[in-house]
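Participant: Sequence:
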Amino acid sequence: MNHPAAQLVLGKDDEPEWLTRQYAMAPRKAIRFWIDVGRLETGTFIDWMPGVDQRAANRHLRTVLQAKGYQVTYYESPGGHEFATFRHSVARGLRAMLGAG
Numbered sequence: 028m029n030h031p032a033a034q035l036v037l038g039k040d041d042e043p044e045w046l047t048r049q050y051a052m053a054p055r056k057a058i059r060f061w062i063d064v065g066r067l068e069t070g071t072f073i074d075w076m077p078g079v080d081q082r083a084a085n086r087h088l089r090t091v092l093q094a095k096g097y098q099v100t101y102y103e104s105p106g107g108h109e110f111a112t113f114r115h116s117v118a119r120g121l122r123a124m125l126g127a128g
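The working numbering runs 27 ahead of the 1-based position in the sequence shown.
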């Protein structure tokens with residue numbers, strides 16, 4: 028299984044949390060972030076990076092972005108990596124990013 032978007036946050040086998048390091052080193056830009064991860068997303072089901080805790084990686088990304096002064100909306104969904112969670116997350120994310128509450 029290969030998920031390029033997830034690999035940016037979580038990293039690849041030899042580069043865990045690659046994206047987080049990139050933002051930590053780069054100058055701040057005018058970007059807002061919405062980060063949503065499930066409380067049950069511990070990463071144990073990811074065959075290309077077993078044992079990676081997605082929730083911890085996303086929390087770390089949030090912390091780094093906030094320390095750099097980015098506007099970050101962060102939410103931990105009660106579920107895992109599943110459609111039932113995504114359908115609510117997309118609506119929350121759009122409201123947050125578009126300023127609709």
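Any given hint could be a false lead.
Claimed, not checked - Here are the simulated SDA-like pairs of lysine to any residue, each with C-alpha atoms no more than 20 Å apart in a straight line: (1) K56 <-> A111; (2) K56 <-> H108; (3) K95 <-> A51; (4) K95 <-> R66; (5) K56 <-> E109; (6) K56 <-> L125; (7) K56 <-> H87; (8) K56 <-> T69; (9) K56 <-> V99; (10) K56 <-> L67; (11) K95 <-> L67; (12) K56 <-> Y97; (13) K56 <-> A83; (14) K56 <-> T90; (15) K95 <-> R59; (16) K95 <-> A83; (17) K56 <-> V91; (18) K95 <-> M124; (19) K56 <-> F113; (20) K95 <-> G65.
To be verified - Now the in silico label distances, taken between C-beta atoms and shown as ranges: (21) R122 <-> Y97: 27 to 33 Å; (22) A57 <-> F110: 16 to 22 Å; (23) A118 <-> P43: 26 to 32 Å.
The set of hints was computed from the structure by calculation and includes no laboratory data.
Since the structure is predicted, the reported quantities are computational estimates derived from the model, not experimental observations.
Even glycine gets a Cβ: it sits at the ideal position worked out from N, Cα and C.
Participant: Next, verify each hint and record whether it holds.
Facilitator: Here is what the structure says about each hint:
1. Restraint check: the Cα-Cα separation between K56 and A111 comes to about 33 Å, which exceeds 20 Å; the hinted pair is violated.
2. Taking the CA atoms of K56 and H108, the gap is about 29 Å. The hint is violated against a cut of 20 Å.
3. Taking the CA atoms of K95 and A51, the gap is near 7 Å; set against the 20 Å cutoff, the hint holds.
4. Between K95 and R66 the CA atoms are separated by roughly 25 Å; this puts the pair beyond 20 Å, and the hint is violated.
5. With a CA separation close to 32 Å, the supplied pair K56 and E109 exceeds the 20 Å bound.
6. The hinted pair formed by K56 and L125 meets the criterion: a straight-line CA distance of about 18 Å does not exceed 20 Å.
7. For the proposed pair K56 and H87, the alpha carbon gap of about 19 Å is at most 20 Å, so the pair holds.
8. The hinted pair formed by K56 and T69 fails the criterion: a straight-line CA distance of about 30 Å is larger than 20 Å.
9. Simply put, K56 and V99 have alpha-carbon atoms about 13 Å apart, close enough for the 20 Å limit, and the pair holds.
10. Pair hint K56 plus L67 does not hold up; C-alpha atoms about 31 Å apart against a cutoff of 20 Å.
11. As the CA atoms of K95 and L67 are separated by approximately 27 Å, the hinted pair breaks the 20 Å bound.
12. At roughly 8 Å between alpha-carbon atoms, K56 and Y97 fall within 20 Å of each other, so this suggested pair holds.
13. For a cut-off of 20 Å, the pair hint linking K56 to A83 is broken: about 24 Å separates their Cα positions.
14. With a C-alpha separation of about 16 Å, the suggested pair K56 and T90 falls inside the 20 Å cut-off, and the hint holds.
15. At roughly 12 Å between alpha-carbon atoms, K95 and R59 fall within 20 Å of each other, so this suggested pair holds.
16. Between K95 and A83 the alpha-carbon distance is near 18 Å, which keeps this suggested pair within the 20 Å criterion.
17. Distance restraint check for K56 and V91: the Cα-Cα separation of roughly 14 Å lies within the 20 Å cut-off, and the hinted pair is therefore satisfied.
18. A hinted pair counts as satisfied when its Cα atoms are at most 20 Å apart, and K95 with M124 qualifies at roughly 19 Å.
19. Between the alpha carbons of K56 and F113 the distance comes to roughly 27 Å, so the proposed pair goes past 20 Å and is violated.
20. With a C-alpha separation of about 24 Å, the suggested pairing of K95 with G65 is violated against the 20 Å cut-off.
21. The hint said 27 to 33 Å for the Cβ distance between R122 and Y97, and at roughly 19 Å that hint is violated.
22. Between A57 and F110, the C-beta spacing of about 33 Å breaks the proposed range 16 to 22 Å.
23. For A118 paired with P43, a C-beta distance near 31 Å keeps the hint of 26 to 32 Å intact.
Of the hints listed earlier, those the structure fails to meet are numbers 1, 2, 4, 5, 8, 10, 11, 13, 19, 20, 21, 22, in rising order.
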